[in-house]
Every structure is written in structure tokens, then in C-alpha cells.
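Residue numbers (our numbering), protein chains in the order written: chain U, 1 to 434; chain Y, 435 to 721.
Think of the hints as simulated: they come from the structure by calculation, not from any bench.
Please read all numbers here as calculations on a predicted model, not as lab measurements.
Just so you know, even glycine gets a beta-carbon here, dropped at the ideal spot from N, CA and C.
Possibly wrong hints are sitting among the right ones.
[As the list claims (entries may be wrong)] Which bits of chain Y does chain U cover? Going by a derived footprint, with three or more residues having C-beta under 8 Å, they are:
no.	segment
1	548 to 556
2	566 to 578
3	634 to 648
4	694 to 706
[Claimed, not checked] Every beta carbon over 10 Å from chain Y, so not counted as near; a handful from chain U, in silico:
no.	residue
5	G122
6	A166
7	G271
8	G365
9	T410
10	E418
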Amino acid sequence: MTLPPRFPPLFGRLPTLAAPLALVLVLTACGQSDSDGDGDDPNLDGGAAEEADGDELVIGRISALEGAFADGAEDGERGVEMVLDEYDHQVAGRPIRTIVESSDTTPETAVDRARKLVEQDGVDIIHGPLSGSEGVALADYATSVPDVTFVDAASGSAETTLEDPADNYFRWHSEGAMWAAPMGPYAVEELGYERVATLAEDYAFPHSQIGGFLDGFCGAGGEVAETFWVPLGESDYSSIIAQIPEDIDAIYVSVGGSDAVDFMGQAIDFGVDVPIIGGSILVDETVLGAEGEIRDAALGTVASGSIPTADADIPEWQDFVSGYQEMHPDGFDVPSNFALLYYNSFKSLLLSLEEVDGEVEEDGGEALRAAMTDLEWDSPIGPLALNENRQAASDVFIYEIVEDDDGGLTTTQRHTAEGVEQGDAVWERLDDCP
Amino acid sequence: MQQFLLILLNGLTSAALFFLVASGLTLIFGMMRVVNLAHGGFYLLGGYVAFSAGRAADSWVLGVVAAVVAVAVLGLAMHQILLRWFEQQDMRVALVTIGVSLILADQLLFVYGGRAYEVSVPDPLRGPVDLGFLDLVYPRYRFLLMALAIVVGILLWLLITRTRFGMIVRAGVDDRDMVSATGINVRLVFAAVFLLGAGLAGLAGAIGGGVFSLAPTTDVEYLLYALIVVIVGGMGSIPGAAIGALLVGLVSQLALGYAPPLASILTFGLMIVVLAVRPQGLMGRPA
Chain U
1 MTLPPRFPPL
11 FGRLPTLAAP
21 LALVLVLTAC
31 GQSDSDGDGD
41 DPNLDGGAAE
51 EADGDELVIG
61 RISALEGAFA
71 DGAEDGERGV
81 EMVLDEYDHQ
91 VAGRPIRTIV
101 ESSDTTPETA
111 VDRARKLVEQ
121 DGVDIIHGPL
131 SGSEGVALAD
141 YATSVPDVTF
151 VDAASGSAET
161 TLEDPADNYF
171 RWHSEGAMWA
181 APMGPYAVEE
191 LGYERVATLA
201 EDYAFPHSQI
211 GGFLDGFCGA
221 GGEVAETFWV
231 PLGESDYSSI
241 IAQIPEDIDA
251 IYVSVGGSDA
261 VDFMGQAIDF
271 GVDVPIIGGS
281 ILVDETVLGA
291 EGEIRDAALG
301 TVASGSIPTA
311 DADIPEWQDF
321 VSGYQEMHPD
331 GFDVPSNFAL
341 LYYNSFKSLL
351 LSLEEVDGEV
361 EEDGGEALRA
371 AMTDLEWDSP
381 IGPLALNENR
391 QAASDVFIYE
401 IVEDDDGGLT
411 TTQRHTAEGV
421 EQGDAVWERL
431 DDCP
Chain Y
435 MQQFLLILLN
445 GLTSAALFFL
455 VASGLTLIFG
465 MMRVVNLAHG
475 GFYLLGGYVA
485 FSAGRAADSW
495 VLGVVAAVVA
505 VAVLGLAMHQ
515 ILLRWFEQQD
525 MRVALVTIGV
535 SLILADQLLF
545 VYGGRAYEVS
555 VPDPLRGPVD
565 LGFLDLVYPR
575 YRFLLMALAI
585 VVGILLWLLI
595 TRTRFGMIVR
605 AGVDDRDMVS
615 ATGINVRLVF
625 AAVFLLGAGL
635 AGLAGAIGGG
645 VFSLAPTTDV
655 EYLLYALIVV
665 IVGGMGSIPG
675 AAIGALLVGL
685 VSQLALGYAP
695 PLASILTFGL
705 MIVVLAVRPQ
715 GLMGRPA
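Isolated chain U, as found in the complex:
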């Protein structure tokens, strides 16, 4: 119920507008407090609220349940529920209660919510957020509250753990540049695309994705015809599509959520006939599960990301998939990357809490953070451990969108890049080869 992120900053600069616009502001404000004011939504709660005693461990969570990624966040929540279910809603004998705050993928809101969790609810642990710029802002905020432990949920901007990384910010998954990096050489060497255009949303996560992609792509001899940057939450891509040059082999697209649905749908309407290659969230389950007719554009798209395909021959992953399907019959056919990333990060947290016997408050979280630094475990996508910046490395999967037996869309594995490490560049908006 919030405005797309491109609107809010404008309002502050318009002193006296017609009354209705002011009322829209009221509307927005009401919308926010309405949907995120209380943390005790039974569906999202840890489930242990009623038996609260001094032993209870409260974990603050920030999830993007509004905006372009609402669908992804919803699936992320399913991942968290799986962990809580595995642990029977308690760790080291302490019942877990989670307070979920919804953000709208803007950094301002994410920090507001974190402040609320720390200052009003007094939490010592925050799990979240979903989106790239939010993560950057939270990592920055983390330096001002050194006793609070932050565990990133799914946000994938490179600088979060590269630029003066906060000692108390942990990211148990790869970031956007790492997810995109293997796609660069693959596009040149395997797909034979030597000249591409790129289209991405203009914020931290796609900056990382385009950087990661172009770094490898240009290194393998590829060249860039043109780059397009659009605001997050843009629903009309037609004027961008109109400008896609003709002399290219493919277009690399890093948009996600409902924006990706819009782009894919409009690409068909305009008869775009260059192959589309994808960033990590262009054709994930949240998009393939969208209702409508994006299938024609999505079919044949090759993309890379943190998540194996439904048919991937990885036993731990297959266990995760069947666990997900069993627990969430109303979820996607296959868990989206958000379900996986929320799961991995939240489980990393609980594993670390187990190590320290659930002790958090007494020592300002020091033992917990030490335990998390040392933690290594086998996640559904393979072993996870952190580097000195508290950033994980992981396998990255390249997959293609194909038709399944029922005529729906699914993904099939093409290539696995093993143990992709974080690079050392913080990518800004690139307009050509780096």
C-alpha cells in the first residue's frame, strides 16, 4: 500500500499542493501503519507468544511485504517458517518469538523499521532485509548499534559487505555481482553472444548484477551496445523497449518481481525478437508463477542465480524442495530464491544461537557473533562459510526456462559455477564495459 519508491522523496519538496495530493499522503501513511504496525500477525509469528516468559528470545525481522517484491518476501517467509518448524519454535531451550516489520524495499523504511525494532522492542538480533539498497542502509545503521547482530535475509548489493563492512552484519548468501558473474563468460563462450544491451533497475542490487555480468562478459571479449536504467517500480517499459538496438545478439535484463512480469509481457507485445538473458530475479519462481501470458517471452531465457533448478541432482536441495512443498502446498511449485535465502540465513542464525546456548543479551551478542563467524554448515545449495567480511561464497547456477509436461514453465539446469567468491569491486551504475 505504499507508493513505488520513486514517489516519496518528491513530496517533501512540494510545499503547498492541492488538497487531494495531501490526502494521498495521508493515504500512504495510513497504509504503512496499517500493514506493519503490529508484529503479532498469527501467520508470521514465531508461535510462542502465549507462553512468553523471561526465557523468550525475541528476533526482529524486516521483510519487504509491500512493493514490487511483496510476492518474493511472502515466499521468503515460507523459508523462515520451515526453519522455525524444524526447530519447533525454540533454540537452546528458549522459545523464539519473531516480530516482523514490513518494509517497502526503500532504504529509508528499512532503517525506520530497524530503529523501531531496536529502540522500542529492544531486540538484539535483526534478520532482514530483502532488497539491495535496504541491505546497504541497514549495514550502515548496524555500525551505530554494535550490540545488535544483523543477519541479512536476501539482499544482494555488493557494497553491503565490501565497503567498510560492519562487524555485526552477516550475509549468508552470495550477492548480485556473484550471481551474475558466471553468466558473463557463459554468454560469450557457450551462447555465442558477443554484443549485448543491458536493461536494469536503477538501484544498488542491479548495479551489482550489471557490474558482475559485464566484468566477465567484457573480459571474455563481449561488447556493450547500450545500457538502460529504469526506476524500480516502473510498470511501463515500452519506451525502453522501443530503443533496444537491432544489431545486438541478446539483451541482459536485471529487473525482478512485478516489474519483470511487466517487462516480459510488454516484450511480447512489442515483438522483441532478440534473446533475453537474465539477472537472478528476472525469471525466478515469483515471476514464472505470475498469472498472465509472459510465458512466450520467458521461454528459452537463460539466467543465473543462487538457486538450483527443480531437476537439479543435489540431494540436500531435493530434500529442501520436498520439505517446502509439503509444508506450503499453497506456495510456488518450486521454492523461489527468496525462500531459499531466507531459509539459509535464518537457519545460520539458529545454528549459531545453538552454539552459544541461546546466550545473547548478557554479553551484548559477542559470543553469538563469534560463533557465527566460525560457523560452517551444509545448506540445501552446498556448504556455507563466511569470509573475513562476514560474506558467504556459494555455488551459482545457470539455468534455462523450458516448458514442463503440463505446458507450464519450469527451469532446467545448464551449468554450475562452483564456490563463486566475492569480487573486490563495488559496482556503481555502469554505462559500458568496466
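We have chain U already, so just place chain Y on it with the hints.
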């Protein structure tokens, strides 16, 4: 040149949709001085109904009809049950419609979730059409959208300026008591206006949902666009809404095409410039 023409066409497409959304808003305001802030919610509801009903009946046309009827009825109900008691009390009316929009948005989120939907459009209406010059191709459905906006605009204008119904409505706005005294049931006429205005929002959602995805926040987005269009064009004026929609559509698409980061600033800038020069909007009557 080819790109410029395509972006221009996109501007017209946006304008067509903005006009469809704004026409109902401005109609209700013009006739009844009610700023219906649930209008964006009506748009989103229309889109969802068109999706669900269209799929259930396996007919796009039936889906669109169902959307128009459902939203029109909801609008009428809102007017009869909630708004009648607060006539002439602008602030209360605004707050009630905000309340309705919030409740509606939450219910829609509950039923449809955060997933993005697109209204399925029949195959013959999909795909690009070759314009026959400069290698220009443009989606067929978007031409339909433009044609529809033009037809709706003309019909509305005729209704208000050339029919007895329009005459009563215009007279009723200026002096309700006098119109009542002539034996005309003003309440009935006003209810009809609300029915029509809300139905237009439902139509816009059903048609727009075939081009742009429907998701939570779509309601606020279109309410905002509709308000900008109506403010630029002049509250209450149908020709004003057409001109406003054209300006906003062209400015936003040209900006998106040539200066994406400035797109929203320029759209608001347009509104500010118009308000600075002509506070009542381009076709608005001075208050």
C-alpha cells in the same frame, strides 16, 4: 525518428489509460464535489475482477463487463451507504473514501496476495501490428486502448453537454434545491453519476490490466496519476482530463525514454508549472 515515434505512441497509450482512470474521478468530482480517494482501489478491483471473471467464463469480454458492473455497484453502495450522510463535508468524505480504499486494498491483498497479475487478452488482440512505414510495429491492444479512451471521452462529453440527464446534473451542482423543486429526484441522478464514475474506474482497471501488471500498490499509483491528470486538466472537466492525460502521458514517456531518472520529477514538474500559471487547472473553473 523511429524511436521517437514509438515513444510518442507510448505517450498516447499512457494518456489513454490515464484518461480512462481520471474520467471517472473528474466526473464524480465535477458533479458532486466528492474527491473519491478510493478510485485507485476501484481500478485495481476492476483489474482483478476482469482477471478472475474472464478466466472463469473463459471470455475476455465477459471479464471486462463483470469488472465494470462489479465496481459500479460497489461505488454505488459506497455512495448510498457511506457518503450520503456527509454531503458537502469535504474532509469527512475524503476520509471515508480513504478508509474504503484501505479496506479494499487489504481485502484484495488477502484474496490475491502479492503476486503480479495480468488480464489475459484474446490472441487476436495481442501481438504487434506493422504500421507499414519506417518499420514501425506497435501492439494491437494498445491501439484498442487508445480507441476506447477516445470513444469514452466523446460519449461522456455528449452525455454531459447534450442530454437531459447531463443538463439536470449540471443544474443540480449549481443549485440542488431549485432542481428538486422542479420535481426532479436529484438523489437518483447523483447516484447514477457515482455508478457511472466508479464503473469507469472498473473499466480502466479491466483494460489497463491487459497492459500493465496488477499488484498491491497499483491502486495508489493510479490514484496518484489520476489526481495529477485531474489537477493539471482542471477538477471536474472532462475535456480537461483529456488534455491533462495527454500532457502527463507524453511528458512521462518522453522523460522515461530520454531521461529515465527524471521521469517522475518532470511529471510532477508539469503539474507544478500548470498550477503556478493557472491554479484551477487548464480547463478548470475558478473556485
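_Verify this for me: three or more residues of the segment 694 to 706 of chain Y with a beta carbon less than 8 Å from a beta carbon of chain U._
holds (count 8)
*Closest CB-CB distance from G365 of chain U to chain Y, is it above 10 Å?*
Fine: 32 Å to the nearest Cβ keeps G365 of chain U off the interface.
*Given as non-interface: G271 of chain U, which should sit over 10 Å from chain Y by C-beta*: Non-interface label on G271 of chain U violated, nearest chain Y Cβ at 4 Å vs cutoff 10 Å.
*Regarding the assertion that G122 of chain U does not contact chain Y, is the least Cβ-Cβ distance greater than 10 Å?*
Holds, because the least Cβ-Cβ distance between G122 of chain U and chain Y comes to about 29 Å, which exceeds 10 Å.
*asked:* Can you confirm whether chain U covers the segment 566 to 578 of chain Y, using C-beta to C-beta distances below 8 Å and requiring at least three such residues?
replied: Coverage by chain U holds for the segment 566 to 578 of chain Y (5 residues, Cβ < 8 Å).
*Hey, does E418 of chain U actually stay past 10 Å from chain Y on C-beta?*
Nearest chain Y Cβ is 33 Å from E418 of chain U, so the label holds.
_chain U covers the segment 634 to 648 of chain Y, three or more CB atoms within 8 Å, holds or violated_ = holds (count 3)
*Would you check whether the claim that T410 of chain U is not at the interface survives, using Cβ distances to chain Y and the 10 Å cut-off?*
Its Cβ never comes within 10 Å of chain Y, the nearest being 17 Å, so this holds.
*May I ask you to check that A166 of chain U keeps its beta-carbon over 10 Å from the closest beta-carbon of chain Y?*
Non-interface label on A166 of chain U holds, nearest chain Y Cβ at 29 Å vs cutoff 10 Å.
_Claimed coverage, the segment 548 to 556 of chain Y by chain U - three or more beta carbons nearer than 8 Å_ = With 8 residues close enough to chain U, the hint holds.
Checked against the numbered hints listed earlier, the structure breaks hint 7 alone; every other hint is satisfied.
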